[in-house]
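Build the complex: two chains, separate frames, hints provided.
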Amino acid sequence: MTPAASSRDIILGRIRNAAAADSAPAPDHSAAYIRRGQLHRPACLDLMIERLREYNADVVECGPAEIVSSIEEVLRLSGRHTIVAPPGLPGAWRVPGFTWRIDDSLTYSDIETSDAVVTASFAGVADSGTIVLHHSSAEGRRVLTLLPDWHLCILRASQVVETLPEYFDRCLQPPALATYISGPSATADIEMTRIKGVHGPRFLHVLLVHDEDSSQPQDYRKGDHP
Amino acid sequence: MSAEHHSVVLDPRIAPPFPAAALPILRNSQLRKNVAHATDVIQAKRARLVAEKTDWQELRSAAAAIKNETLAHLDHYLAEFEANCTAAGGHVHWAADAAEARQIILQILRAENATEVIKIKTMTSAEIELNPALEAAGIHAVETDLAELILQLGDDQPSHIVAPALHVNRSQVREIFARRMGRTDLSDDPEALTAAARSYLRKKFLSVDAAISGANFLVAETGAVTIVESEGNGRMCLTLPRTLIALAGIEKVIPRFRDLEVFLQVLARSATGERMNPYSSLWTGVTPGDGPQNFHVVLLDNGRSPILARPVERQTLRCIRCAACQNTCPVYRQTGGHAYGSVYGGPIGAILTPQLMRMEHAQSLPYASSLCAACYEVCPVKINIPEVLIDLRAQVIDQERSKTDRAFDLMYVAMRVANGIFASAARFRLAQRLGRIALWPFTRKDGWIHALPSLGARWTMTRDLRGIPRESFRAWWAARPKVESRSGEKS
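Order-wise, the sequence lines are chains A and B. With the first letter of the first sequence counted as 1, position 28 gets the number 28 in this note's numbering; the numbers rise by one all the way through. With the first letter of the second sequence counted as 1, position 311 gets the number 537 in this note's numbering; the numbers rise by one all the way through.
Excised from the complex, chain B in its bound form (with noise of 0.2 Å):
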């Protein structure tokens, strides 16, 4: 049996709705108990950490503007980045979209005739669906995060971008370990699923002679990149084997090795509520006698660099994924991330996977949100969540509005008729005359409106709707009594 009980579908091309999506989910009382576990742990370390911060708003700050430079300049920092990487002794890749990125993985791979590669958890090679491409070449992909192998031996998708396992729980963990590691011996202790997991990987670790990571941060000054993980497995990837793959979105690139003095303040506190993550690995190319000799790092546009040209989106790229908005977000936490028909779930998934789109798929994120803006106020990099997502349903409606068959669609005409009627007052007093007529059979003694037919019926299946009251604001203004003025009153 599966860990999940309803299907999951992270592909935005042919994911459902949000809406759709979200509807089984919401029945899943089981997963939504994990979700809000997990969310509520995360959240409570997070906001203890942060407090104790006393420079918690110039630390984002600074971040913020460390990547608005980096965004202003990005072609600089790019082949910056690209010319000390070379110098080091690494080979820097240029994917213009995921199907690139994957040849040149491959490519890489088959030079090496590896049979098995070991992976650190990276969202990026998830996006670019790397695992069946792999599979499909007859390289076997080895998933060593903890959460990452749980997903993967369970045959289950990410649903959060630091926790992807986090909808599952221990007894699910037991179940998938008896299952696909043959252990039938173990108890649902977490302490005791973990052990199992080390052994199991350990041999892996130590044969293996390929990875693929992704990149927290490439450093344009040096060449470096940095990885911030906590359980080693990390370090085992970067270090043991003879091949090494970074994959890594372009946004990725950071000015200078001193940069990391504000990001690595506030990622770890952002994403899992430490003061610093357990272990964090820079490297710089090659280094002989230590670590892989042959690395590459492959640069991932797939629809990152058209997201530069929009001003208000532009924002969306300085995120650091450390998934702080999806353990805030009101509506993340009811749903979890599989409903966001993406990789990306949550606040950002809402804005980041319509534009990584291009606008053609999951249009129904940007309205998966309350616009609390919870999520803008814990952003590291202060990105203004709310302020995207209003500017990407413009966007959408747009596209709407530039269909042929849109005479047709009822929603259009009454917009159109509401654009009519509020363009002239007396056109409203009208309207406001005739509302009250037409909706006095469905208003209640107490004013109130439970239920509409129609299109109303979107409004108030899940809420009532005021009537309208007898007397407008207008009219009574311009009935009230007049009250003289006093002579002393004037100055």
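Extracted from the complex, chain A is given alone in its bound form (with noise of 0.2 Å):
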């Protein structure tokens, strides 16, 4: 028996001990938290929009017939050339006019000299303004969207949920990996004075895509954006 073995029994075994000295009733684990939202949709995305520009994230909406030409445009006033993409990402949103690196099995180094990276996502959570990534072919493996300092995301309306339980009753497997974005990376570290832009990318842009039809893009746009 390896030491490690027999502390894993001296571990179980004192729990075991102290759990038998325990006859309480089992707890009441009734759930009484707000699991639904309780705002319609529009409502729902201006919550969302909200929350990612109170945390500096820069968010452009769009309709699903201009995802390429937005993408074209956010990317041009970015100033920004080497561009990295998952290898899931559609053809059609690695726009002509930069250098794409498509990650096969892009190194380190080939992911930090870019200048950014372009993904999709797997949900936005509007009552925390958070962008969940499972790391699917279409969003990359981790580090594509931790090495560069700009980070496009591309989230469509649809997966915007009001509350996180929601976001939980859309996961119908545990996801083996996941990041949850809410703002770039940030320190308060010294005097509780906020500063954006530790380690993570120091920009994040949104690109929603209003692709329900009860969310109404261009009517909702000018109410947002006179």
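No lab work stands behind these hints: they were computed from the structure. Hints are not guaranteed to be accurate.
Said to hold, decoys possible - Result set (SDA-like, lysine to any residue): computed pairs, CA atoms no more than 25 Å apart in a straight line:
no. : chain 1 : residue 1 : chain 2 : residue 2
1   : B       : Lys429    : A       : Thr113
2   : B       : Lys259    : B       : Asp381
3   : B       : Lys279    : A       : Glu112
4   : A       : Lys196    : B       : Ser425
5   : B       : Lys608    : B       : Glu417
6   : B       : Lys279    : A       : Arg53
7   : B       : Lys629    : B       : Ile240
8   : B       : Lys271    : B       : Arg544
9   : B       : Lys271    : B       : Glu417
10  : A       : Lys196    : B       : Asp690
11  : A       : Lys196    : B       : Asp281
12  : B       : Lys429    : A       : Glu112
13  : B       : Lys279    : A       : Ile49
14  : B       : Lys608    : B       : Asn310
15  : B       : Lys671    : B       : Glu697
16  : A       : Lys196    : B       : Gln378
17  : B       : Lys430    : B       : Asp415
18  : B       : Lys279    : A       : Asp46
19  : B       : Lys429    : A       : Glu54
20  : B       : Lys608    : B       : Ala270
21  : B       : Lys259    : B       : Leu249
What the hints assert, rightly or not - Part of the chain B face toward chain A, derived, beta carbon under 10 Å:
no. : residue
22  : Glu308
23  : Ala309
24  : Leu392
25  : Met462
26  : Thr498
27  : Leu656
Note that beta-carbon positions come from the ideal geometry of N, C-alpha and C, so glycine has one too.
Dropping the structure here:
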């Protein structure tokens, strides 16, 4: 028996002895907290945008037919040229006019020296302005959204939920990998002064695609951006 | 010059008692100003974000219930986590104490021929005093959390669970970076200081092949591990190196992936006053082509399992290390964390540290509280800290009572005498009369006693005492004029 195996037995034995002394009834585990959102869809998407902007993420909205032209415009305005793409990113999203590095097996150095990365996403949580990545082939392995300083994330309105429990409803299987992004990297370690951009990407851009009939992207945008 | 003017000992086995450790800190006005400012800022942010959550109390109850369920079946959930993490390609180790945890980690790093290791902030690593052990083995540990880096370069110790360098201000950080990074060009602007840390650490992230992390949650159902953070240094350490070691207390396991929907809602709000921390990472064993391919989890007991056996104390293990109790505590806010002589300071440290020490050390900590219960009110997992403090005080008294030299202890003898007096009404009346006579020379005209000699001075050095009144309530009651009851009042 290895020392580690015996420690396992010792620890589990101690826990079982302690638990045997416990005759408390099983705790009430009924969850009374809010699971379903209360907002109408346009208000929910408004909240998502408001939260993203609160932590300085840049949000651009478009209809489903304008994804490619919107990506091109955002990239052009960014002034960035060498752009990393996960292997599963739709080919049309790799708009011409830029140097695309498709991640078949890019080295850290390839990724580190790129100007930007463009990815899809798994979900958005409006309540906290959180972007969820499950690192599918269109979202890319974790390092892709970590080393480049500038990240454009494509989020569909139909992926946005209001509350965190509603995101868990959408996970039919628990993910093996997940990253929850709620604002660009930040620290408040020096006198509680919030500083943006420590190690992760300093610039987060979100392209919100209004792919739901109810959200009426054109009318909706009129109200939001005069 | 160090950021500290007092010597800091965070080993409960050798640290001075709380009152002695607190005294020099209370004279350090700069440190007290830094701590007050930081805790004020976090508290205000937390209060605002908790107020907007209409189901906050329900979330607290759910979080406490999930942890209770976990602790009631901890053996089952740990074994389930081990099986699922192993099936996903991870290696799970069990460490009964700090020495064994250090040894396991050193073995893994030696097998990798590591000479350097990057670290995410982990209180558990400080608890087992890992860094000195790594240095002694010729492995240089690089702290990558900004606050931890400030402490490491400043030869200082953590004073807070979430913001371990909150006792250090910007000009002190500037001085440390100038001295240890050679960056004499820096101003004391936090933005410039943060940028200096970014460039200092960037090459470490890309070149060091092994990392050590803690864990916020271990998911039994899937074998996944979760880390929440703000800076992105965590994601760097979890993603870039070849080898990753996660050191986690056995109480960090939760039953299901779905349970995160509760904890992720309460943790950041309580810890930093954010709706969600900027980055949370979840990974499961090893994923081919993504992240470390050599992944280890070290499950640490180190005094935790005996806590399970005591029904009142068990709730201590619900703690998710948010530090809300520290920020709100009127004692911590005066002394900061170093006075507690442990990496776990504040109210949670006052109950956790003596228990991790099996009540053999840190017995002064259960008294480092006014029992005002502000900590209980903010705790996201509803740990009734005052209740545990009182029970631990009783344990400390029981220990003292069993000492053989107690007959010579003035306090013990005084308490025995008081016990006899309170047990009999006649003795109590007599004692009142004698007490009034004995205290009369010390009682001022206003009825207050401002100074007492000997043992009594322990009370009067910090507060006044009411003199014993000339007439007791019982005497007044017995002597009062009798009022005849009117017949109409009878029913």
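Status of each hint after checking the structure:
At most 25 Å may separate the alpha-carbon atoms for a hinted pair to count; Lys429 (chain B) and Thr113 (chain A) meet this at roughly 13 Å. Among the hinted pairs, Lys259 (chain B) with Asp381 (chain B) is consistent with the structure: their alpha-carbon atoms are about 21 Å apart, no more than 25 Å. At most 25 Å may separate the alpha-carbon atoms for a hinted pair to count; Lys279 (chain B) and Glu112 (chain A) exceed this at roughly 39 Å. Straight-line distance between C-alpha atoms of Lys196 (chain A) and Ser425 (chain B) comes to about 15 Å, which keeps the hinted pair within the 25 Å bound.
A C-alpha spacing of about 36 Å is found between Lys608 (chain B) and Glu417 (chain B), which places the hinted pair above 25 Å, so the restraint is violated. Distance hint between Lys279 (chain B) and Arg53 (chain A) is fulfilled; the C-alpha atoms sit about 20 Å from each other, no more than 25 Å. Our distance criterion of 25 Å between C-alpha atoms is met by Lys629 (chain B) and Ile240 (chain B), whose separation comes to about 21 Å. The hinted pair formed by Lys271 (chain B) and Arg544 (chain B) meets the criterion: a straight-line CA distance of about 24 Å does not exceed 25 Å.
For the hint linking Lys271 (chain B) to Glu417 (chain B), the alpha-carbon distance of about 21 Å falls within 25 Å, and the restraint holds. For the given pair, Lys196 (chain A) sits about 51 Å from Asp690 (chain B) by alpha-carbon distance, which is inconsistent with the 25 Å threshold. Proposed proximity of Lys196 (chain A) and Asp281 (chain B) is contradicted: the alpha carbons are some 30 Å apart, above 25 Å. For a cut-off of 25 Å, the pair hint linking Lys429 (chain B) to Glu112 (chain A) stands: about 11 Å separates their Cα positions.
With a C-alpha separation of about 19 Å, the suggested pairing of Lys279 (chain B) with Ile49 (chain A) holds against the 25 Å cut-off. Straight-line distance between C-alpha atoms of Lys608 (chain B) and Asn310 (chain B) comes to about 30 Å, which puts the hinted pair past the 25 Å bound. Using a Cα cut-off of 25 Å, the hinted pair Lys671 (chain B) and Glu697 (chain B) holds, with the two alpha carbons roughly 16 Å apart. At roughly 23 Å between alpha-carbon atoms, Lys196 (chain A) and Gln378 (chain B) fall within 25 Å of each other, so this suggested pair holds.
Between Lys430 (chain B) and Asp415 (chain B), the direct Cα distance comes to roughly 24 Å. Compliance with the 25 Å bound is thereby established for this hinted pair. Simply put, Lys279 (chain B) and Asp46 (chain A) have alpha-carbon atoms about 18 Å apart, close enough for the 25 Å limit, and the pair holds. Distance restraint check for Lys429 (chain B) and Glu54 (chain A): the Cα-Cα separation of roughly 31 Å exceeds the 25 Å cut-off, and the hinted pair is therefore not satisfied. In summary, the hint linking Lys608 (chain B) to Ala270 (chain B) is supported, as the alpha carbons are separated by about 20 Å, within the 25 Å threshold.
With a CA separation close to 16 Å, the supplied pair Lys259 (chain B) and Leu249 (chain B) stays within the 25 Å bound. With a least beta-carbon distance of about 8 Å to chain A, the hint placing Glu308 (chain B) at the interface is held under the 10 Å criterion. Using the Cβ-Cβ criterion of 10 Å, the hint placing Ala309 (chain B) at the interface with chain A is not satisfied: the shortest such distance is roughly 12 Å. Among the interface hints, the one on Leu392 (chain B) holds; its C-beta lies about 7 Å from the nearest C-beta in chain A, closer than the 10 Å criterion.
The restraint placing Met462 (chain B) at the interface with chain A holds, with a minimum CB-CB distance near 6 Å, inside the 10 Å limit. Restraint check, Thr498 (chain B) versus chain A: the minimum CB separation of about 7 Å is within 10 Å; hint holds. This hint is violated: Leu656 (chain B) has a C-beta 45 Å from the nearest C-beta of chain A, more than the 10 Å allowed.
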